[in-house]
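Those sequence lines, one after another, are chains A and B.
Residue numbers for the first sequence follow UniProt numbering, so the first one is 1 and each next one is one higher.
Residue numbers for the second sequence follow UniProt numbering, so the first one is 1 and each next one is one higher.
Hints listed in this document are in silico derivations from the structure and should not be mistaken for laboratory results.
One thing to keep in mind: the hints can contain errors.
Derived DSSO-like pairs: lysine-lysine, alpha-carbon spacing no greater than 30 Å straight-line [what the hints assert, rightly or not]:
| id | chain 1 | residue 1 | chain 2 | residue 2 |
| --- | --- | --- | --- | --- |
| 1 | B | K80 | A | K103 |
| 2 | B | K225 | A | K106 |
| 3 | B | K24 | A | K109 |
| 4 | A | K121 | A | K106 |
Far from chain A, some chain B residues (derived; all Cβ distances over 12 Å) [said to hold, decoys possible]:
| id | residue |
| --- | --- |
| 5 | D74 |
| 6 | Y137 |
| 7 | F141 |
| 8 | P209 |
| 9 | G220 |
| 10 | I230 |
| 11 | F247 |
| 12 | M295 |
| 13 | F302 |
Partial selection, computed: residues in chain B whose CB lies under 7 Å from chain A [what the hints assert, rightly or not]:
| id | residue |
| --- | --- |
| 14 | V218 |
| 15 | A221 |
| 16 | P233 |
| 17 | D264 |
| 18 | A315 |
| 19 | S317 |
These numbers were taken from a predicted model, which means no experiment stands behind them.
From the three backbone atoms N, C-alpha and C, an ideal C-beta is built for every residue, glycine too.
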Amino acid sequence: MATVTYAKATRVYPGAKTPAVDALDLEIGDGEFLVLVGPSGCGKSTSLRMLAGLEDVNSGNIFINQNDVTHLPPKARDIAMVFQNYALYPHMSVYDNMAFALKLRKTPKSEIEARVKEAAKMLQLEEYLSRKPKALSGGQRQRVAMGRAIVRHPQVFLMDEPLSNLDAKLRVQTRSQIATMQAKLGVTTVYVTHDQVEAMTMGHRVAVLLDGHLQQVDTPRALYDRPANVFVAGFMGSPAMNIKTVGLTDQGAKFVDMLLPLTRDQVAAAQADGGNGRVTIGFRPEDTEIVGGLDKGMPITVDLVEELGSDAFVYGTVALEGQDERFTVRADPRKVPQLGEVVHVRPRPDSHHAFNAATGLRLG
Amino acid sequence: MAATTSTPPVAAVPTPVADTLAGKTRKKLVSRGATIASIIIAILWTTPTFGLLVSSFRPENEIKTTGWWNFFTDPEITMKNYNDVLFGQSAANGRLASFLVNSIVITVPSVLFPLAIASFAAYALAWLNFRGRDWVYIGVFALQVVPLQMALVPLLSFFSRGVKLGGLTLMPPWQLEGAEKFVQVWFAHTCFALPLAIFLLHNFMSELPGDLMEAAKVDGAGHAKIFRNIVLPLIVPAIASVAIFQFLWVWNDLLVALTFGGTDQTAPMTVRLASLAGTKGGEWQRLTSGAFVSMVIPLIVFLSLQRYFVRGLLAGSVKG
Chain A
1 MATVTYAKAT
11 RVYPGAKTPA
21 VDALDLEIGD
31 GEFLVLVGPS
41 GCGKSTSLRM
51 LAGLEDVNSG
61 NIFINQNDVT
71 HLPPKARDIA
81 MVFQNYALYP
91 HMSVYDNMAF
101 ALKLRKTPKS
111 EIEARVKEAA
121 KMLQLEEYLS
131 RKPKALSGGQ
141 RQRVAMGRAI
151 VRHPQVFLMD
161 EPLSNLDAKL
171 RVQTRSQIAT
181 MQAKLGVTTV
191 YVTHDQVEAM
201 TMGHRVAVLL
211 DGHLQQVDTP
221 RALYDRPANV
231 FVAGFMGSPA
241 MNIKTVGLTD
251 QGAKFVDMLL
261 PLTRDQVAAA
271 QADGGNGRVT
281 IGFRPEDTEI
291 VGGLDKGMPI
301 TVDLVEELGS
311 DAFVYGTVAL
321 EGQDERFTVR
331 ADPRKVPQLG
341 EVVHVRPRPD
351 SHHAFNAATG
361 LRLG
Chain B
1 MAATTSTPPV
11 AAVPTPVADT
21 LAGKTRKKLV
31 SRGATIASII
41 IAILWTTPTF
51 GLLVSSFRPE
61 NEIKTTGWWN
71 FFTDPEITMK
81 NYNDVLFGQS
91 AANGRLASFL
101 VNSIVITVPS
111 VLFPLAIASF
121 AAYALAWLNF
131 RGRDWVYIGV
141 FALQVVPLQM
151 ALVPLLSFFS
161 RGVKLGGLTL
171 MPPWQLEGAE
181 KFVQVWFAHT
191 CFALPLAIFL
201 LHNFMSELPG
211 DLMEAAKVDG
221 AGHAKIFRNI
231 VLPLIVPAIA
241 SVAIFQFLWV
251 WNDLLVALTF
261 GGTDQTAPMT
271 VRLASLAGTK
281 GGEWQRLTSG
291 AFVSMVIPLI
301 VFLSLQRYFV
311 RGLLAGSVKG
């Protein structure tokens, strides 16, 4: 069991001008499941590989259990890693794949066998122990990769997009298996993904990265309810939040006839830092309703309706300050509007988020 | 996939055959016409060898007066040629058996040394990050163009005079005598083999997925363990092919053995074969059986290493 601390950890690739990971500060608690999420190229995998010892740390430090491991080789860190493409040893049987690390550490044979059997049982791999990886399906290979990490009883699990090679259905299933297993084993886990659904469903806390900078780290609920900036707001949630920058009045932000109220503090903060009379407003499709014309909603012309059975998402455009802007709204799947119809939409009271137009930071 | 391909289909990735130029070419290559053509070529190619085999069993008189195909109308078999070359006792003929041993003594280390050194070097060049790595690789690559003949005299002087810089002796002469001259031959063959062996093994090794090495590192393996437990088992096909090339090269080599080897004590079979026909070349019927004796071991080596030429060793390791 262990804690992990990144202290201003920075990685600059040779020849690159900007750091891939820039002064990352992050504390991961004992037994915590932390998810690193972000678009591709945001530095999430690099951060993980720095913790694994596969990537140099150019400045700053990384601690596991208060021990400085910044410049230790991977094998001195007592971590186990699951790779995106599994990286199984193709010439070894499933059993040997899982036993490899233990054999290297000269673990007694009987214990190796006990641990491998235990992990195989947990992962339903018992009947495949003598097979080579090439005789396994994708899901089974993925489980072998997990098993290889589990048998080690490491301080920290590192997982680099372990589900991205599985098909959609298997991914959902494996997702919950991994979360359950982590809860059962109680091992500190750092999990990298670009999929915000995985991040929301699996993580105790989620760290959002962009361009090597940590944007926000918090529980999934808090990330969803109080995104710290425009990027996090747009990244978390599907379909994405409606985010538009509009003119600011004393009372709030104006969308055609619809006024979204802002507090006095919010208005003041929006004016500061080069806000220049503008404010960025975001509201989630699921927080938005189709209302009667009298309720001062915003009229949008429907151009696409996605029906998912449980939900329906309505996409429509409206001319906003001279430009066509697109909005997404969740609608009652039994009462969807027609294409080309004009409907009035309005976020539920106090469900909208406001951000400074220049800095992108959350207001209040 | 065309049904007539002789290679077993690889498990994971079915190669799309049609459409691409390579695909079309491949289709043509497995067509009936191509098969017939290759059979004809094979027959043309093997006929002289077959004739040689037949001749080696014919009496000296027959060989020197009629063509080998007369054997079928007038079969007359003798083992005298083999008896002569293998066990004859005169200075110019025979005793091939002891030269066969010499050949083996020369060849086995001359294959193993470069293989061992080259696989270490290739691993370092492919998977270790050190300053100047690329320049070392380019240097090794470039060394392949130096013809072996150019190195003969310098190497000979290296053995017999050592290395001197000004008045300073950096390395004394080797002063090898008699059977010790084997060392010179091993050394020379190893030197000449390294550039190509490193180049081939490096190319094969660098194709291995990097995640595999990283997984092993995280699992606690150092470079020695990675090399031994991960890399070596996966480059067996490359090692087998380099081994075969090097084996055939050394086995058939005359020049290096003649230059760096000593007298009969260290001379390989090729040296003996060259003198089998006698000083005036009158006894050339012995070459028939001599050639076959020298062919036996390469055939055995080739056939026994063939099973290591496996495709798809990496199947199931990484995805994507």
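Verification of the hints:
no.: 1; hint: K80/B - K103/A; in the structure: 60 Å, violated
no.: 2; hint: K225/B - K106/A; in the structure: 13 Å, holds
no.: 3; hint: K24/B - K109/A; in the structure: 54 Å, violated
no.: 4; hint: K121/A - K106/A; in the structure: 23 Å, holds
no.: 5; hint: D74; in the structure: 57 Å, holds
no.: 6; hint: Y137; in the structure: 18 Å, holds
no.: 7; hint: F141; in the structure: 23 Å, holds
no.: 8; hint: P209; in the structure: 7 Å, violated
no.: 9; hint: G220; in the structure: 4 Å, violated
no.: 10; hint: I230; in the structure: 6 Å, violated
no.: 11; hint: F247; in the structure: 24 Å, holds
no.: 12; hint: M295; in the structure: 34 Å, holds
no.: 13; hint: F302; in the structure: 24 Å, holds
no.: 14; hint: V218; in the structure: 5 Å, holds
no.: 15; hint: A221; in the structure: 6 Å, holds
no.: 16; hint: P233; in the structure: 4 Å, holds
no.: 17; hint: D264; in the structure: 46 Å, violated
no.: 18; hint: A315; in the structure: 4 Å, holds
no.: 19; hint: S317; in the structure: 4 Å, holds
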